[in-house]
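Sequence lines, in order, name chains A and B.
Just so we're aligned, residue 1 is where the first sequence starts under our numbering, counting upward by one.
Just so we're aligned, residue 1 is where the second sequence starts under our numbering, counting upward by one.
Think of the hints as simulated: they come from the structure by calculation, not from any bench.
Treat the hints loosely; a few may be bogus.
To be verified - Now the stretches of chain B that chain A is said to cover, found in silico as 3 or more residues with beta-carbon under 8 Å:
hint, segment
1, 50-56
2, 106-118
As the list claims (entries may be wrong) - Partial list, computed: chain A residues near chain B (C-beta under 7 Å):
hint, residue
3, 48
4, 51
5, 60
6, 89
7, 90
8, 91
9, 93
Think of the CB as a built atom: it goes at the ideal place given N, C-alpha and C, for glycine as much as any other residue.
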Amino acid sequence: MRGRWVLAGCLFWVLSAPSLGAIEAQAFPDETIKARYYDLIASLRCPQCLNTNLAGSDAMIAQNLRATVLRLLVEGKSDAEVEQFMFERYGDFILYEPRWTAKTWLLWLGPLGLALVGLSVWWSMGASSRKTRHGLSESDRANLKQLMDR
Amino acid sequence: MAKQSVLIPAFVFAGIVVLLWFGFQLSDPHLLPSQKLNDPVPDFELPSLTAVGETLNAADLTGEISLLNVWATWCPSCIAEHGELTRIFETTGLRIIGVNYNDDSDAARAWLKRWGDPYAFHIVDEHGTLAIDLGVYGAPETFVVDAGGIIRYRHVGVVTQKVFEETFAPLIQNLKDAS
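The following block holds chain A by itself, in its conformation from the complex (with noise of 0.2 Å):
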């Protein structure tokens, strides 16, 4: 009975294992260009799978882009030279951190714009509230005293 149980889990094991994560067996020429390696593909956007890296994706083409990204650096190109290679074939989309262009400048500074936004309101609303803490005019305060020493 026991035997069956811990076949059951082998099985389980077995089968799950492919979800545990996309890494095949690369073979590294060096630890400088595995270190590389892992950098650029953790910076990559999967263009298959719109919220996953290449280094977390199990599709096809996040294969085959890992291994391109391999091919290139084993070939001596830089990190910018990879990242250029990416770009020039899916474009903005693969980079988490997309370029500086008349298209993504909004992306850039809108979290700014919205910041000073916040920040105006809530000064606003300070000033605002200091004005009816200590906004009594001459008469109001004639007439406050009147009614206090009354």
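Put chain B on the given structure of chain A with help from the hints.
Positioned in the frame of chain A, the structure of chain B alone reads:
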């Protein structure tokens, strides 16, 4: 003043609703803009699927307007698309060139035997290198390539009769008129 500050969050909320309403309708996020439009088909040197032993290159794509169709046996939508490609070839005589993508060549030949072969020839792209140069990220994808070998249009997903008649046919007519 008090009345105004009550309205500010309402305006902000309305602004966000409008932004998201249009933002989400803007386009299908799965459709990446093509980087290769109006560029020549990237150069390649790959074997032919059916003429075993022969190699093909970008020059084989010139001479007439063609559809360059990326397909694979592991792609179920490609079977759905196959009928329409056959219909296009039979009714218009348009040259259709296959890119057999990330596939097993024996399986691909068996697939063509089973479903028919309206293609002029097929490029074997076993490791997806040509596909990557084209910016392909799935199958099926179809490019319209003009007689000079320049990419004029890219369609991601299945080419249906509607897509062909509404998008491809006018475009091809324009290309024919221009030449």
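Comparing the hints with the structure gives:
With 0 residues having a Cβ less than 8 Å from any Cβ of chain A, the segment 50-56 of chain B misses the three-residue criterion, and the hint is violated. A stretch counts as covered by a chain when three or more of its residues have a beta carbon under 8 Å from one of that chain; for the segment 106-118 of chain B and chain A the count is 0, and the coverage is violated. Checking residue 48/A against chain B: minimum C-beta separation of about 5 Å stays under 7 Å; hint holds. At a threshold of 7 Å, the smallest CB-CB gap from residue 51/A to chain B is about 9 Å, leaving the interface hint violated.
The criterion of a C-beta within 7 Å of any C-beta in chain B is met by residue 60/A, whose closest approach is roughly 6 Å, and the hint holds. Checking residue 89/A against chain B: minimum C-beta separation of about 4 Å stays under 7 Å; hint holds. Restraint check, residue 90/A versus chain B: the minimum CB separation of about 6 Å is within 7 Å; hint holds. At its closest, the beta carbon of residue 91/A sits 5 Å from a beta carbon of chain B; the interface hint therefore holds under the 7 Å criterion.
With its C-beta approaching chain B no nearer than about 5 Å, residue 93/A sits inside the 7 Å limit, and its interface hint holds.
Consistency with the previously given hints fails for numbers 1, 2, 4, ordered from lowest to highest.
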